[in-house]
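In order, the protein sequence lines correspond to chains L and Z. Be aware that the first sequence starts at 1, since it is given in our numbering, and climbs by one per residue. Be aware that the second sequence starts at 281, since it is given in our numbering, and climbs by one per residue.
Check before you lean on any hint, since a few could be wrong.
[Stated by the list, open to error] The list that follows gives simulated cross-link-like pairs (lysine to aspartate or glutamate, EDC-like), each with its CA atoms no further than 20 Å apart:
id	chain 1	residue 1	chain 2	residue 2
1	L	K118	Z	E615
2	L	K118	Z	D573
3	Z	K285	L	D170
4	Z	K409	L	D223
5	L	K118	Z	D486
6	Z	K405	Z	E487
The set of hints was computed from the structure by calculation and includes no laboratory data. Given the structure is predicted, the values throughout are model-derived calculations rather than measurements.
Here are the chains, one letter per residue:
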Amino acid sequence: MAENVLHIENVTMQFGGVVAVNNLNLDVNQGEIVALIGPNGAGKTTVFNCVTGVYEPTNGKIDFLGETIVENFPRGKMKKLYAGENMGMYNEAVSHTPDLITYKGIARTFQNIRLFSKLSVFENVLIAKHMRARQNFFSAALHLNRAEEKRMREEALALLEEQGLDKYRDDVAGSLPYGLQRRLEIARALATEPKLLLLDEPAAGMNPQETLELAAFIGEIRDKYNLSVFLVEHHMDLVMNISDRIYVLDFGKLIAHGVPAEIQSNEKVIEAYLGVSEDE
Amino acid sequence: MMGNKKRDLILSLIFAAVITAVLVFIDKRLHYSMLASVIQKASIYALLAVSLNLLNGFTGLFSLGQAGFMMLGAYTYAILTIPLDQHASVYQYFNGGVVNVCLPAFVGVTAAGIVAVIFAWLVGKPCLKLKSDYLAIATLGFAEILRALIQWEVLGPVTNASNILMKFPKFDSILTPVIVCAFCIFLIVLLINSSYGRAFKAIREDEVAAEAMGINLAKTKMQAFLTSAFFAGVGGALLAMFQASVQARSFTSAMTYEILLIVVIGGIGSVTGSIIGSFLYIASSEWWLRFLDDSQTYLGVNIPFMRGGFRMVVFSVVIMLIVLFYRQGIMGTREFSWQGIIDFFKKPFAKRERKAVKDNG
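Here chain Z stands alone, though its shape is the one from the complex:
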């Protein structure tokens, strides 16, 4: 047992070192490539998917407010970190705005999470009493209302209304989002493996039994909801940094569905599933399947149905296939382990050995 632990630690360290080396290489040589941008966006989406999974997969609360919390995070970050000398140009329709602070980036990111938590508390108080679909509708409604509210003219001096917010600090290296997201996901994994994580799972399995075991439903659900919102806010701030601009219009419910889709593809209730799902989804939608949107000519024949939007058609078909034939997603509720990988690679050999024994005997 002890040997396995040591082996896993060593393998993890080697893995982390290799990843870091590859990332440094990509950062130095391919900073503006598609690969670099996919890595950044996918790691941010991985964090967002894991934070949604904490709620949907581990606590059994079906929430669709993710885009709302992300928007809060993105706006908080943007508003607090735009350099003072840029205020006049960003808030050109609102006389330079009313917020006259410029905080360091990491303070902005933390504040993004905290603001999301505050709003989550306000929403959660009345809404967390609702069950399943009703909670989904309530949180979805909240996100939509918030999106409209942020674009309201009256709030313009703070939020710049429906105009774009930009010129705040961006990532200087592709390592930054990867490291921040990895750290946040690590924190969520710690939580899931703690006593509170078990309480979340108990609520997912059976609310009545959980309550009879002394788990305070309202309080524990709120803890999960706030934690999820915090990391959604942080993820939103990171997304803002990645995109270099923030506009309420982009935080639609479609964004929540995208993240929900990643969770479903990866496996509801699996952190590693969400991470793998995120990289696959972002790489496909941003990169690998891009060619579907352009008209293509093969062997002199122009394929007529390949045009803008065809990518989404293919996507929909893939999703349908997953839901129909692969309902558990990639990982189900399992998690990644080195033992699992080793067993996976050993399996064909084991079969061969058994066969050899059989043949000889």
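Looking at chain L on its own, in the form it has when it is part of the complex:
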């Protein structure tokens, strides 16, 4: 059995009275590409936001490489409002800000691309290198540590070359075509030197050809950087092509889980996606 990278345990996220994610259990193992799919509003992005520290889940625990990075239980006014399961199972509160979670090795991309759109392509990647730079405010501000700055620049450039983006290095990021912006966002995420890459609908807005390329690309970077990938997606072709395992979410609840072939023939999944006709 491969090493466990991400372990989501009984995670419930409730906004007021709305249960967005209901008692989710999910695992990502080393080197796997795991997909989370589901109809619109199923709570997929909410799961991402819980993992990356943007939201604090109402109840449950998330482990990353054996370390608990998020844990919470219904507190305050949620005590009364809580409509999920496993009340009282957890009694510790652990939470980190998104930057610390990135530091621990989880990098993400966004559903609606969030590049630093007025900065150059090169700067976009260089900014992601800031976090792991061995420097302090004064040594950096006074340019005392030139070797470190040079290293950051070289690594960022190497990353751009690998992604085939080096010819755009001085272009403004917002001016790139859509597909390249997606690619740059992934390159930027890779620059943080992650162990787990979270991709939020990486194929959104792409044509079939681009989607195919993206699928190959995701497989490539997984092997090259020794990553595990956890992605949220709508495009069935992409998901079925590259995923090792698939989780299906509907109305915040896990309705199926398995290898692509199993999911394709799962009745519940077909029902959630296509709906059941009333005649039957």
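Guided by the hints, dock chain Z onto chain L, whose structure is given.
Chain Z only, in chain L's frame:
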């Protein structure tokens, strides 16, 4: 590429030498002229504008506490550097005051920055969580509260309450403020071009993405805020030296708006823009547009609307025109470069050459 770098360095050195020579000349011959006073005040305002730009333009934090930090700097400097034998006359209502030290001027200026940083930390802790307009209101409120607090009778033995502080060391040459400000601006430029400067820009562009890239928002914003406050404090101390007196009454929010205006005129997010904007603004308001405030008689006709305050009316119109038609300011987010200047002067020639080719062909 390498040739360009060398050329730029040589051009910069020549430029610096010319400026220094001109300044020395002005210092020797025109020490009490309007020009000399504009140069001093404008270079101080340039530093203040760049430090505000670091926050507003580069980090995207809309702060209006500049006058507050300047006042802290000015007071710190004044209190620490008044010669001991002058205490009795300056603090005449408070029995000579309680501060019995007199430090060298440069220690006073540094202390001015440090005191501003300490207060900035206290204000920043709760306020930096606020976004855009709310941060502006909070910092503006802080500056106003501080201004009232400094004039409080109880603090009189230290701050001289609402009385004037003076007789501290002034500039002995107009070169001093120019050099100090140039050095401080140089430090800020180094910071902007460093890894931390890029982190600031990332926060300005997209906070959520910046955080996802591992940039600690609270810490990085605080670094920008403290740096800005430090240089505002230093600028305040220099302003005190220039004015030769300090009074809390003069550090109103209007002063912050003045500096903000310089930043907007120069271009939000451009250091050179702030510097150019500062010289233009100070020269206009102190010198070139002064005539608007006096009644003028042209060809025997007295122009009735030219009187005290008319200058500000003209100013307001100019600002409106800038905001309406020139929203990017003078420089936008671009910076000065020798290449840019050369291209600028080459442009008409290039056109002519192209035209000549066209005509011949």
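**Message:** Tell me the hint numbers this structure goes against, listed in increasing order.
**Reply:** Result: hints 2, 4 break, sorted rising.
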